[in-house]
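Could you put the whole structure together from the sequences, leaning on the hints where they help?
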Amino acid sequence: MTIGPSAYLLLSAILFGVGVVGVVTRRNVLIILMSVEVMLNGVNVAFVAAGSYLGDAAGGVFAFMVITVAAAEAAVGLALLIALFRLKETVDITELSILKW
Amino acid sequence: MVTGALEYLWLVPAFPLLGVVLNGALALFAERPLLLSGAGAGGVAPYRRAVAVLAPAAVGASFAAALLCVASLAARAPDDRLFVRFLFPWIEAGSFKAPASLLLDPLSAVMILVVTGVGFLIHVYSVGYMSHERAFARYFTYLNLFTFSMLVLVLADNYLLMFVGWEGVGLCSYLLIGFWYDRRSAADAGKKAFVVNRVGDFGFLLAMFLAFWTFGSLTYTEVFARAGGMAASGTLTAGLATTITLLMFLGAVGKSAQIPLYVWLPDAMEGPTPVSALIHAATMVTAGVYMVARSGALFLLAPATMTTVAVVGAATAIFAATIGLCQTDIKRVLAYSTVSQLGYMFLACGVGAFTAGIFHLATHAFFKALLFLAAGSVIHALSGEQDLRKMGGLKGRVPVTFVTMAVAALAIAGIPGLSGFFSKDEILWKAFNAPAYGPVLWAVAAATAGITAFYMFRLVFLAFYGPSRMDPGVEKRVHESPWTMTLPLSALAVLSVAGGWVGIPAVLGDAVGVPNLLERWLSPPGAVGAEHHSAALELGLMALSIGIALGGIWLAHRLYRARPETPGAIAARWPALYDAVRNKYYVDELYDRALVRPAVRAAEWLWQMFDARLVDGIVNGAAVLVRAAGERVRRLQGGIVGGYAFSLLLGAVLIVGYIIYRSAG
Amino acid sequence: MTTGSFLLDRHLLSVLIALPAVGAAGVLCLPRERRADIRNASFLVALAEFLVSLLVVARFDPGTAAMQLSESVPWIPRYGIGYIVGVDGISLWLLMLTTFITPIAILSAFSAVERHVKEFMVFMLVLETAMVGVFVAVDLFLFYVFWELVLIPMYFLIGVWGGERRIYAAIKFFLYTFVGSVLMLVAILALFFHHSEAAGFYTTDLMKLYGLAIPLKMQFWLFGAFFLAFAFKVPMFPFHTWLPDAHVEAPTAGSVILAAILLKMGAYGFLRFSVPLFPAAAADFAPMIAALAVVGIVYGALVSMVQKDIKKLVAYSSVSHLGFVMLGLFAFNLQGIEGGILQMVNHGVSTGALFLLVGILYERRHTRLISDFGGLARVVPVFSACFMIVALSSIALPGTNGFVGEFLILLGAFRANAWLTAAAATGVVLAAVYMLWMYQRVMFGEVTHEENRRLPDMNVRELACMLPILLLVFWIGVYPQPFLRRMDATVRAYVARYEAAKQAALSPSAPGETMFTRYFGAGK
Amino acid sequence: MEAFLFILFGAIAVGASIMVVTRKHPLASALHLILAMAAVAALFVLRDAHFLAAVQMIVYAGAVVVLFVFVIMLINVPEDRLPVERITLFRFAAVIAAGFLVVEGALVAGRFGMPGGHVAGGGTLEAVGRALFTDYLLAFEITSVLLLAAVIGAITLAKKKI
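Chains as they are written, first to last, in the working numbering: chain A, 1 to 101; chain B, 102 to 766; chain C, 767 to 1290; chain D, 1291 to 1452.
Calculated directly from the structure, the hints in this document are not laboratory data.
The reader is advised that the hints may include incorrect statements.
Unchecked claim - In silico lysine-lysine, DSS-like type, Cα no more than 27 Å apart, as pairs:
hint	chain 1	residue 1	chain 2	residue 2
1	D	Lys1314	A	Lys88
2	B	Lys491	B	Lys577
3	C	Lys983	C	Lys1268
4	D	Lys1449	A	Lys88
5	C	Lys974	C	Lys1268
As structure tokens, then:
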């Protein structure tokens, strides 16, 4: 039994979907941020698999970029979280609605 | 000598216009500061003397110019008596051309002589009558403006320019009726006059549109020439001609106060009395008659209209005369008498006797102006009292006024030898020979003559005979008027007597060797003397009408001199009838209930319901809807991050789904 | 040759467009505190604009129907958009009206506007630029730009310097006209792309678009879109309800401009765009539009009659008068259209003057209710005389300007539809009713309010506002030929072109075909 | 062999991810996140992307998750003050929608067959390095700018007084 690209892509989709569920359903900002990381991981799986099956280094490069972005996102996101926590003493995203008109 | 005068025809209206400018300037720069500062009219300001000279002089000069022009016209051959003077182009748009140009022909010649002649006398009279008036210059500005407008009306060579004068006199009438605008009733009357006149103008306007698109011109000569041609060739149907002339007649009805638009004229008596004499008796109100006579060629093509004119005229004549029976205000009696006499003129026009109509117009201008001025003199003498019930016994106190008024009353009653007799009898005779309903029309007109004689002498007896019923304070100050007033009275009295001699009917004239000058002057060459019915019949009818007039006078004498208690008894016997007549048959009330109030109510309703509720309701409703929708949508944007994420997710699902669907399909 | 004369010789219309804008920039540089200087400078700019615009009349050749004093510079050549301006007999007098009324409006605001004088004057001048632009633009895109540019200063004039409900009025005004504008923009784009498909190149040059044969169904929809845009602006019944609110809340100068010029933009739009571009649809719509116009005439007059606020009365009378204008324009004959154009000028002059006069009263008494006045004729004779003349002009008394316009309109319309015209002529009667009734209640009778007894009469500045208007009232009334003559060639060609285009567009249609089968029936 | 490893690590990755999403306490999520990262790294190895696997472990597990844990410790929300998660219709719908997304992903994934012949080396250190510093140099440099921006942003935001 050989593993084709479709298997990797399916795995990628599942990881992404799980991440999405986390982002949409959870109220804890920390867990939402982690769910975002899960989504990005799912994407990375797709990139790497595609790159490797096609013999193209671009897949790897993109995954590399995504990791970089993920790191940056986590840093900024967590900084925001700290700032907000100082302000509102909560990590509940439903209470962070000060942008509401 | 006078042949060159026609070239200066424009001076006839120009003099009064100059008067308007000068008097207007005086009113603005000399009188206004005085009035504003509250200075009384006591001291005779120098500007008043200037006005007193300028205003009558302007009309007098105009009269002189008119005389010269008419003389010059008369010097021409009878078939050449048509003079047109082009002044400047006024409105031109494509095929439509309405120039400002003046036309002098025998008809307008009669009119300008009446207008400027009577106008001049009334101007002179006004100097005396209005001597206590504060807004002296303003009054004469309006009066000059009126003369100017009236001259434009009669001298115009096309309907549109006539309309300018037509509306112009309406404006002056508005301004002069409302001259004492402090009084609410005066301001109301002025507005009423203008608005009712506008109803007539509406018809006149439509008539002009229809005439222009039918004949391609509004110039009299062209219209009449083409109308004749088109009628002969059948392109001008009777229906079309009837429509045009009926619409024109609507205009005339408004201006000349005929049924159903007569209601403004009695109210117009709110104006100063000389105004009533000039505008609401002698000149403006006869503009409708002039217009019908001017358009005679058109009206003759529409028999249905002619019948309508005659019937309306006759009906108005008797209807207004009956109202005149019970009026107690001296000016209102005369006002209804004017309406009634105008009915006569229309009756004449309606039976095709345009000459008779114009003849009566002229004689009526003399004696009715005289009646009004004399009434004004009485009012002046009585310090403003107008109620006949508070007069009496004035005969010896104001002799000149009494004599002149008696002459006028005799003239209007139709006593032989005076002007009214000739013109009225001419109408009666022509009515009798009318193609339709001749005897009926004659009977109505003759009855009216009787009623007229009755109410005129009722007035004379109540005012001048019997014991005095004046307020004691008023009685002390009774005085004969100054010469500026009595002189015009006398002049008009002479005219009231002699004015009829230019139109002595052939049946009498032939006997004494005096030709019917007016008919010759007005009729197209060759048309004179074409018809001759039985002279015996004519003389018989004449005698009958004299009898009716004398009967009216006798009845008045009996009721108001011999047995002054009878009128009250009659009134008590038929209270409903008396009230109806006294209240002018409730026509004003009817109009108010049936037209004015519903219109105002409908307007209110439209505004409140349609504008505020419906249209704005839709507009504001749309706004409310958008806002409500916004409220809803806003909740999605409530700052709940999960919501945003969910929308993103949903969007992603849909887009990817769509792409898959597309690539699969 | 100096620069100045070069500009005036070659770029007269551009100078007219630019002058107020440059003036506005100059006024903007003046210090805020020097209010007198700001006022004087703005007035002088507007006056200079008027004097320069007289050159347009002087150079105008009445003998030709073509666009005159034209300038054409490519602007966005890729899409065929150009800066094309010109005047012809249709726009000439509207342009002149704009330059004539604006200085008067500015002069009238000298004492009425106390807050933010600088901004007010700047907005007035920018507004003038935009209005002049609207009337001289011969390029659809350019026209649209100016058309929208007009909205902005007017919105602020109402919204900042207005009365109590100014915000409501300003937004209502803006939204109403904007809805129309957006529809027009869509129609312009459709036209633009249709032209590029049919002719193979992009252009917004109106003269080129005139030559385009547009399919009937498309004409229907495009005409509809343009119709709404212009009908809102005119405003035609039943799109008029923004007008009373806007007028009542606007400051006097704003009302004057709004009534005198902005409303004309709608009618001008019909004349310049709707009809020549879509002649067949215009012909089919004409009876409906004429009927709406007549309803507007009678309705406006009736509703005027029962108003308690003088300004609102005048506003509703505008609805009535503009109904006359539309009736004339959609008669499609020489008399009707010339009358319509002249009536636009007349209405601008007379109603502008009425608003000025109401403004004068308001400045003195801070009320506009008819019931707060009475007996003024005795107190302020000059004012009441002016008011009388203007009111008479408004009710079209012969000898004043209103008559010439109204008569020609009705004359022309009578040929197109006699019954409708008869109904419209009742407006003549009603006009007398509402105007004179109002006049009577304000001017006649005893002085009913003590505070009115000491009202000062018009001062020199106010007289200076009124005198040119009165002069024009009589000039057009007595000798309208100079005005009519310069329209003649253009309108004649306009009617001829309309007839030809209508024939060409409608001749293939089957006899007995109605408007609805033509546009909604099964297409071939 | 590859199939077995794929299924094993794939299952770990998915299972750990589910745990990340479903844990109540963020610390538990963070720990499961490390597990998921590691499983994904293993999958990278499976596809011969050793460099990326290393980066994945170093950057994610070593830096990002540590940062998460740091923050969790720092703000230290007590157990009872953690947000209460409820199952609502909205969340249920979200799960369904996510399910659809996965199905769609599966549909897309199903279209990719085995390319003609196994070409390896797409993710090797050399290949990635060469690509990074030639074709994607600009992107790489911009990444550094991005990181700089993130650093500055994080510092600014997290500072007590701005």
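Evaluated hints:
no.: 1; hint: D:Lys1314 x A:Lys88; result: holds, 20 Å
no.: 2; hint: B:Lys491 x B:Lys577; result: holds, 14 Å
no.: 3; hint: C:Lys983 x C:Lys1268; result: holds, 14 Å
no.: 4; hint: D:Lys1449 x A:Lys88; result: holds, 16 Å
no.: 5; hint: C:Lys974 x C:Lys1268; result: holds, 18 Å
Comparing the model with each earlier hint shows no violations; every hint is respected.
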